[in-house]
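Colleague: Residue-level listing of the chains:
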Amino acid sequence: MKTNFEGVESRRTFLKGMAMTGAFSAMSGASANAQTPNPIVPDTTAEKAGSLADFQAPRRPMGKTGVEVSILGMGGYHLGTVAGQPEVNDMVAKALDHGINFFDNAWEYYKGASEERLGTALKGKRDKAVVMTKVCTHGRKKDVAMRMLEESLTRLQTDHLDVWQVHEVVYYNDPERCYAPDGVLEALTAAKQQGKVRFVGFTGHKNPAIHLAMLNGGFSFDTVQMPLNPFDYSYRSFQREVLPLAAQRGIAVFGMKSMGGSGEMIVQGALTPTEALSYAMSLPGVSTTISGMDSMRVLNQNLEVLRHFKPLSEEEISALRTFGKQFEDGRYELFKSTAKYDGELGRTQHDFPSPTELPA
Amino acid sequence: MDAKRIYLSEMIPLRNFGKTEVKISALGLGGHHLGAAKDETTAVEIVRRALDGGITFYDCCWEYNRGKSEDWLGKGLKGARERAFVMTKVCTHGRDASLAMQMLEQSLRRLQTDHLDLWQIHGVSFQNDPQLFIRPNGAAEALQKAKQQGKVRFVGFTGHKDPDIHLAMLDTGFPFDAVQMPLNPFDANFFSFEKKVLPVLNNRGIAALGMKPIGGHGEPVQKGVFTAEELLRYSMSLPVATTISGVSELPILEQNLRIAQDFAPLSPAEMKALSDRAKPYAGDGHFELYKTSIKFDNPEARLAHDFPLDLQQVEVKQMIYATQNSGKPYPQVSD
Chain A
1 MKTNFEGVES RRTFLKGMAM TGAFSAMSGA SANAQTPNPI VPDTTAEKAG
51 SLADFQAPRR PMGKTGVEVS ILGMGGYHLG TVAGQPEVND MVAKALDHGI
101 NFFDNAWEYY KGASEERLGT ALKGKRDKAV VMTKVCTHGR KKDVAMRMLE
151 ESLTRLQTDH LDVWQVHEVV YYNDPERCYA PDGVLEALTA AKQQGKVRFV
201 GFTGHKNPAI HLAMLNGGFS FDTVQMPLNP FDYSYRSFQR EVLPLAAQRG
251 IAVFGMKSMG GSGEMIVQGA LTPTEALSYA MSLPGVSTTI SGMDSMRVLN
301 QNLEVLRHFK PLSEEEISAL RTFGKQFEDG RYELFKSTAK YDGELGRTQH
351 DFPSPTELPA
Chain B
1001 MDAKRIYLSE MIPLRNFGKT EVKISALGLG GHHLGAAKDE TTAVEIVRRA
1051 LDGGITFYDC CWEYNRGKSE DWLGKGLKGA RERAFVMTKV CTHGRDASLA
1101 MQMLEQSLRR LQTDHLDLWQ IHGVSFQNDP QLFIRPNGAA EALQKAKQQG
1151 KVRFVGFTGH KDPDIHLAML DTGFPFDAVQ MPLNPFDANF FSFEKKVLPV
1201 LNNRGIAALG MKPIGGHGEP VQKGVFTAEE LLRYSMSLPV ATTISGVSEL
1251 PILEQNLRIA QDFAPLSPAE MKALSDRAKP YAGDGHFELY KTSIKFDNPE
1301 ARLAHDFPLD LQQVEVKQMI YATQNSGKPY PQVSD
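Read top to bottom, the protein sequences are chains A and B. Per this note's numbering, numbering of the first sequence is gapless, rising by one per residue and ending at 360. Per this note's numbering, numbering of the second sequence is gapless, rising by one per residue and ending at 1335.
Think of the hints as simulated: they come from the structure by calculation, not from any bench. We put the CB at the ideal spot given by N, CA and C, even for glycine. Hints are supplied without guarantee of correctness; some may be wrong.
What the hints assert, rightly or not - Computed spacing ranges between beta-carbons, pair by pair: (1) A:I266 x B:K1075: 25 to 35 Å; (2) A:T322 x B:D1164: 18 to 28 Å; (3) A:E150 x B:P1280: 46 to 56 Å; (4) B:E1270 x A:K111: 39 to 49 Å; (5) B:P1268 x A:R126: 49 to 59 Å; (6) A:S354 x B:K1078: 45 to 55 Å; (7) B:D1039 x A:E241: 48 to 58 Å.
What the hints assert, rightly or not - Which bits of chain B does chain A cover? Going by a derived footprint, with three or more residues having C-beta under 8 Å, they are: (8) 1186-1197; (9) 1278-1289; (10) 1308-1319.
The following block holds chain A by itself, in its conformation from the complex (with noise of 0.2 Å):
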C-alpha cells in the first residue's frame, strides 16, 4: 500500500462529491496480483462468486442538475446491434433491475431503430429511467432539430427527455454553426421551454479546442459529452483540457469511447474491459460513463465490474496514464486523427465529401 496520507484526503473528497462516501476502501497494491492479465487492475468479469441479487450500481450527481445517474450508462448505438427486441427488453430490464438508470441514443443510430427499441424496452419503465438522446442538425437550423425531437419522442415512446444533446460536434465550423442565429442552440432553448426536455447538452468525439469553442460560446449547457479512456491523457485530451472547465462549472460529463468506441483496446489487448471501464468510472468530475452492450453478454460483463467497482486510488490511474503514454501516436483514438467515426450524415451536411472521395 503505496496510498500517501494526501492521496487519501484528495480521494475522501471526490468521494464525497460522488456521494459515494463508504463505498471504498483504499486500493492496496492490486499490481502484485500476477495471475490476473492486467497488471494495474485486477480484472473482475469472470468472477461468478457471490449473487448479483441485491446489487446496485452505485450513483452520481448529474452535474447540478439534481438527478442522479448510475455511473455506467447504457450507450445507444450498440442497441441495434442486439439480436433483437426481445434481448434489448431482458438488457433494459436488468439493466433497470440493478439501478442502471441511464440510457443513451441518438436521433440517426440505425436510422432510428436505437431510439424504437429502446422506448419499447422502457414501456411502463419510463419513470425510473434518465433518457437522453442526440439531436443531428450537423449544422442545419432549429427547424429540423425540433422536427427529430418529435420523432425522437415518438419512438421513445414518451412526452420528453431528460438529456438532449446536439450530435457529433466534430467539425472545426460546427460551434459557429451552433451559435449562428435560428440554430440548433436556439432549438435546446425552445425545447427546455416548451418542457419536452430538461437538460441540453453536446457531443463530440474529435478534438477539445471544438468543445471549448462551445463550452466558451456563451451557451448554458447542462451536459458534455466526450471520450475519456487512458490514452486520452496522452492525445489530444478532452481530461486534461475539458474535463477540468466542465467539472469546474457544474457541468454533467459523459464519458464515452472508454474502449476506443469499438473495443479496440481491449480486443488488441491493450486493456481489459475492468480496467477501461474503472478507469473512466474512477476520473473526477464524470457523472456516467457510457458504455455500448450489444447482448446480454456484455451487459452481465459490465455489471460485474460494477458490482466489484472500486474508485481507482490515484496511483493507479497514474499507472494506466503512464503505460497509455507508449499509444501517444493516438493509434487506439482514430475517431481524433480520422475520419472512420464521423458519420456519414454529418459530412453531407457539411458539404464535406466523403471519405472514400478525398483527395489521393
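Let chain A serve as the given structure and place chain B on it in line with the hints.
Modeller: Structure of chain B alone, referenced to chain A:
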C-alpha cells in the same frame, strides 16, 4: 563562411531571415516535388531556371525520394552554390544525435557542398517529438554540434501536424533560428499555425518558413476553390521569411516565378476575403489532410518512433501509398 552574405538576385523580393541580416527570396523552391520531376535533366533545369528567376532559397530533405531530391538539387546547384541559401532536413524522427550526424554527412555529399545554410529537424508530428528531441543525446545536440563545426549556419524544425506540437518544441528552450509550417487560407480557419505559431516566431525573431501554400498537392486549385496565384500571394503576404513551393515541371515554375516577381502584398481586407472563402472547406480539413488524417504521417517516421503500422486501416494504406513507401523498416544509414 560569411554570416552576413547577402544574395544579389532581386528579381524576387528579398526578406530578412529572422532577426539576422541574411536575405532570402520571398519564394523558395521545394525539394520534395523536385525529386518527382520526370528525370534528372528536368530537375537540373528547374533549379537553373529558379536561380535565374530570382529564387535563392532551396528546400530539401534527407529522406525525400530516397535521396534523389538532394542528389538532383546538388547537381542543379553545381557551380552556383554561392547563389543559393540551401536548407535540408534531418530525419531522426526521435532517434539520437549520432544518427543525425551521419545523415548530415550524407546530405552534404549529395548536395555537393561543405555546409548547409539551414538544417532542420524533419517531420515534428508526434506528441513525444519535443521530448525526444531535447533529451540527452537527442537530435538537439546534433544541431548544436553541426553549428559549432561550421557545417551548418542555422538550425530549425518543421512539421505539419499540430500547432501545439510546434509550441511544445519552442518551449523546449532550444535556440531555433527557423521554424517551418503549413500556411494557407484553410489553415487560417482551424488548428491554425498562422494564429498560434506565427506570432510567437515573429515575436522572437525566429525566421518563419511557410509551406503547403496550395495545400500540399494543389487540390484546392484542381477543385477550383482558389487559383494558385491567390494561394501563393496569401502565404507570401504573411509575416514570413519565405514561402516554399515545390514544382516538378518547368511551366509551373514559370507561373510561380511570375507571381513572385510581380508580388505585391495583399491588403488585410484581401487576406480576410481569402480566408473567409476557405472557411466552408476548412471544417473537416479535407484540403489539409496532413493535419486531420494520418494519411501524411510518414510510415518510416512512425516506425522510427516504434509506432505500429496497422495495414488493416484504410488511412494507413493511404499513408503508405501517399509516400510511395513500402512500409518496410526504415533503411539503415550507411556510406
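Colleague: All hints, please: hold or fail.
Modeller: Consistency of the hints with the structure:
1. The hint said 25 to 35 Å for the Cβ distance between I266 (chain A) and K1075 (chain B), and at roughly 54 Å that hint is violated.
2. Against the hinted window of 18 to 28 Å, the Cβ-Cβ separation of T322 (chain A) and D1164 (chain B) comes to about 21 Å, which satisfies the hint.
3. Restraint check, E150 (chain A) to P1280 (chain B): a C-beta distance of roughly 30 Å breaks the suggested window 46 to 56 Å.
4. For the pair E1270 (chain B) and K111 (chain A), the supplied restraint of 39 to 49 Å holds, since their beta-carbon distance comes to about 46 Å.
5. One distance hint, 49 to 59 Å for the beta-carbon pair P1268 (chain B) and R126 (chain A), holds here, with the actual separation near 57 Å.
6. For S354 (chain A) paired with K1078 (chain B), a C-beta distance near 48 Å keeps the hint of 45 to 55 Å intact.
7. With their beta carbons about 50 Å apart, D1039 (chain B) and E241 (chain A) fall inside the hinted range of 48 to 58 Å.
8. Using a Cβ-Cβ cut-off of 8 Å, 3 residues of the stretch 1186-1197 of chain B lie near chain A, which meets the minimum of three, so the contact claim holds.
9. Under the rule that three or more residues need a Cβ within less than 8 Å of chain A, the assignment of the stretch 1278-1289 of chain B holds, with 9 such residues.
10. With a threshold of 8 Å between beta carbons, the proposed coverage of the stretch 1308-1319 of chain B by chain A holds, since 6 of its residues qualify and at least three are required.
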